[in-house]
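My request is simple: use the sequences and hints to build the entire structure.
In case you want the letters, here they are:
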Amino acid sequence: MSRFFGLLAPVRASEQLLERLLFRHRPAIALLFLLATVWLGWQAAQIRPDASFVKMIPTQHPYVTNFLDHRDDLAGLGNSLRVVVAATEGDIFSADYQQTLKQVTDALFFLQGVDRSAVKSIWTPNVRWTEVTEEGFVGGPVIPASYDGSAASLDQVRSNILSSGQLGRLVANDFRSAMVEVPLFDRDPQTGARLDYQQFSAQLEQQIREQYQRDGIRIHITGFAKVVGDLIAGAAQVGLFFAMAIAVTLVLLYLYSRSITGTLIPLACSLVAVVWQLGLLRLLGYGLDPYSMLVPFLVFAIGVSHGVQIVNTTTLEAARGADSLLAAQRAFRAIYIPGLTALLSDGIGFVTLMVIQIEVIQDLAVAAALGVAVIVLTNLLLLPLLLSWRGVGATAIRHLQRQQQEGSHWQALVVFTRPAGARTALLVAVVLLAVGLWGGQTLKVGDLSAGAPELREDARYNLDNRYITDNYASSSDVFVVMVKTPVQQCASFPVLDQVDHFQHYLNSVSGVQSSVSLADVSERVTAGLNEGNLKWRSVSRNQYVINASLGFVPAGLMNSECSLLPVILYLDDHRADTLQQVSEAVALYGAEHNSEQARFLMAAGNAGFEAATNAVIGTAQYEMLLWVYGVVSLLCLLTFRSIRTVACIILPLALTSVLCQALMAWLGIGVKVATLPVIALGVGIGVDYGIYIYSRLNTFLVQGYPLPEAYLATLQTTGKSVAFTGVTLAIGVVLWIFSPIRFQADMGILLTFMFIWNMLGALILLPALTCLLRPVRRAPAPVTSVAQEIDHAVQ
Amino acid sequence: MRGFIRRRLALALVCLGALCGSTVLWADRLEQPAQPAPQATQALLLDIVRAGERLIAVGEQGIVLLSDDQGERWRMAQVPVSVMLTAVQFPQPQLGWAVGHDGVVLRSQDGGESWQRLLTGRDINALRTLQLTQQLADLPATVDAAQREMLEYALDDALAAEKDGPTTPLLDVWFRDEQVGFVLGGYGLLLKTTDGGQSWRSLGHQADNPDGFHLNSLLACRDGSLLIAGEAGLLLAPDADGERWQAQDSPYDGSFFAAIETDQLYVMGLRGHLFRSPDGQDWQPVALGQGRTASLNGAVSNAGQLWLLGQAGTLLQAGPQGFQALDTVSRRSFSAGVRTGQQLVLVGEGGISHIALDTTEARP
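Top to bottom, those sequences are chains A and B. In terms of our numbering, the first sequence opens at residue 263 and continues consecutively. In terms of our numbering, the second sequence opens at residue 8 and continues consecutively.
One thing to keep in mind: the hints can contain errors.
A short, non-exhaustive set of chain A residues, derived as facing chain B with CB atoms under 8 Å [to be verified]:
| hint | residue |
| --- | --- |
| 1 | 379 |
| 2 | 427 |
| 3 | 428 |
| 4 | 437 |
| 5 | 657 |
| 6 | 759 |
| 7 | 763 |
| 8 | 766 |
| 9 | 768 |
| 10 | 793 |
| 11 | 795 |
| 12 | 797 |
| 13 | 798 |
| 14 | 803 |
By construction, these hints were calculated from the structure, which means they are not laboratory data. Computed from a prediction, not measured in an experiment: that's the story for all the values here. The beta carbon of each residue, even a glycine, is placed where N, CA and C say it ideally should be.
Take a look at the structure:
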């Protein structure tokens, strides 16, 4: 065996050291663990949900850096909220409704985190109407100063809305609702404190929706802050799923081990791992992001899976007559190396997620890697320590012995170690691979449906979103191109003329609904200055006319030093294809026309960020797979020092990855921030099975056993617990399918699928590949029985 | 569209390779040909006319649209500029004229398929200066001081315009035949050609328009007389040789945007003002109906029938009981229209609109 772990000599050395340390100072070490758990538990109790707009977007991507460079000039084009106040009976022209709209506008204005200067509704003074009369061009705020709620003043409001150009933007096309646009600060500009989305979303519910929604008034809210708020609120149910997962695991563990200690100790150790992980996260300054809410599940599941291996081996030892201490010690010795290798692979698999330049995914990588590191302590060290006191109990030993005598139901799997069975298995795998590759072709990056695909289609958020898309002309998918000019040149004729052409060009790109920029304002006001005559609605070549036309520029269409003018594109949707088409078209225009006079930079707006995110994820998904497989393969190579072995362990995982992509395509799940980590997590966890099975199998093979016999022996020891683990992990995550949050449900399906297929791959494909790839050599005839060899293996 | 983008992408890459991407300066809209645009039928379109069986519409970004099936399907013509075109006219099915911003005058000799740029505002500015300098030089010493002063003032104006560049838009065009035609526009600009556009004479300074009000529309009546309707109630009619335009008594001091002839003459404009006259002298206000105060931009007359069109989706049909609003669904403004069979083809803010006449529900 030392030949195999040659390169891991230091680890082996540490094993001996640790074993001595651990089992000679049991009470002291247990006490240390207890103290650490209490302390970290106290930390974990203080961990808070956390989310940030900036964390969701790739801050290194040029689109986002361009936005961040100019974020002060782009008020309202980053993270903003739309609150719609709808009249369910009648229209918005009632004193009562207007009163409510005013109150909602005011209430939103005063919420902490709102960019007050950029709040817009027909009740804010920055929204104006303009009209042409014989006396010239007149205008004013939509709600007149003389407004008193009378029928006459409501009529005035109606006609002001018509001449404000806000129909379809701040007022619904059918006059039955009006909108408040609420730009948010991700960080408070004064204090620098991050916006607490959970609290903010709760305030929206309490101070806006509950406060003002009543008979006759409905409130609809959309925007990133609400999505995140709803995700965090929905994630509260995660606690329930966690409790259910624990209960199911408890029952299964008992049925498997028939030992009270063998059930409670792995469970407790895995829970300790979760507590430690959360506590450490909190100590490192992290919060619980809704997108990494699943990490504690994974930590728990991985913990249980390793715990089962140890309990199983301890029972085996005890069945052979060792006392509690010796059994636990031998189990530690047997499991420590493969366990450490497996956990190391898990951890490194997770760490490879760091290559993706999106903070929320990097945070998830840290959380998961931390969890795995913690499991080394809790489940590889603490667990055998605790087991050494009470042992697994007589019932468990009898149960194991009975099973070993029966043992025959594993015989079925041995068929895959014989050439015929192996070839059949491989053939099936190749067919599946072909199906997977074919099915995976349609896998898309980004969102595939409207609204917030993280939430279910019938979630209130998505209903609110649909209401707004149905009743307002301007789509909520906003892509902003920033046109950078020399200082004081943003409104010069050549710039506006070029921007005008640019918009004309973009309006011909499919996916672009409409666009708005300073050029439009200038054109409209120029027509207005000429009595509203449509024939004057063009950028004037006369700079004085342009300057006069820019007397009332709405906020956000130019910056204060006049060196930046955003072009706001309203898109049909935010599907990946649409975003890509638009970005390509803009990039093309920039390549052809960027000059000192005007540079066309992408991109702000939710659709702009999503385009950047898609671009990053599109390349990162392959980069990530390359890293995951590269690192895990390298680790296996170091451990087993055989390319064949690496192939035996990795190929089944690769098949699962391919099938998982096909499943995603088939279920209409796009690769995005929420789902990208799934495959890395799947590989990280799946490799455990392969490592455990192969290392045990190898033990028998090097002793000269023929493959079928060696494999049967493996199945009866390690294989059994691998099968059990696969099922337990799957059951732990399958419950997510019932999550109110759609992306968690998607993750549940995908992880369940990966756990089961990885397990089947390890139990079927691994021996089949071993059979077919093994060099034919003369093996010495076995001299002892398999039962005796199991003995050797664990010593 | 994707194919289009891909071709352009290839072009851009070639361009990048030659490092020209960063140095290309934006070509002026007077030099930049109109870009093909699939959404051109929804662009801002300002005028539409018939040329034989063909319909021709013009609008922003140098868009000229042609339809050979009464407005069902449209394609873009080749246009050498991308300025906003404001008016189009075809004195003969093959020969047409279009005018637009920056003083651009275009001519087509193939029924609107392709267009040549005959004049720009730069040419107009130059020819005005030249003509006025000449006129001043040719002025006999005996001429009265007032006329000299008027010419000097006009020359100053022309020189200032030359310094400003081609900023004045043309707003209407009318050709009587192959040879004789007028173009007119902002700030009292009025040019005449008598040789089919080879040479032009500026008439604006000798029109009865001392404030330089915009000249919005020229109406050629059946009896051969001409009428220009303009800003601030301006109505101009020419003398016998068409050189000097005299102000007429006006019923209104707000702007007129359009004029049309059915059984009588109509002028219309700001805030729903409409006036009618049998002879172009004596104007009577016509009430549109309660609350109809949207500006009127244009009119369609066909077989004695009259439709008025204007801001915010206004479309009014003249009837025995006065004007009735036709339901146009959208609130987008209309600029001009023609009748084809049982429908109106209108142009305006939303591009081309079809209004079926037989099934349209009339609102009181």
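*Enumerated hints in conflict with the structure, sorted upward*: Hint check: 1, 2, 3, 4, 5 and 9 fail, others pass.
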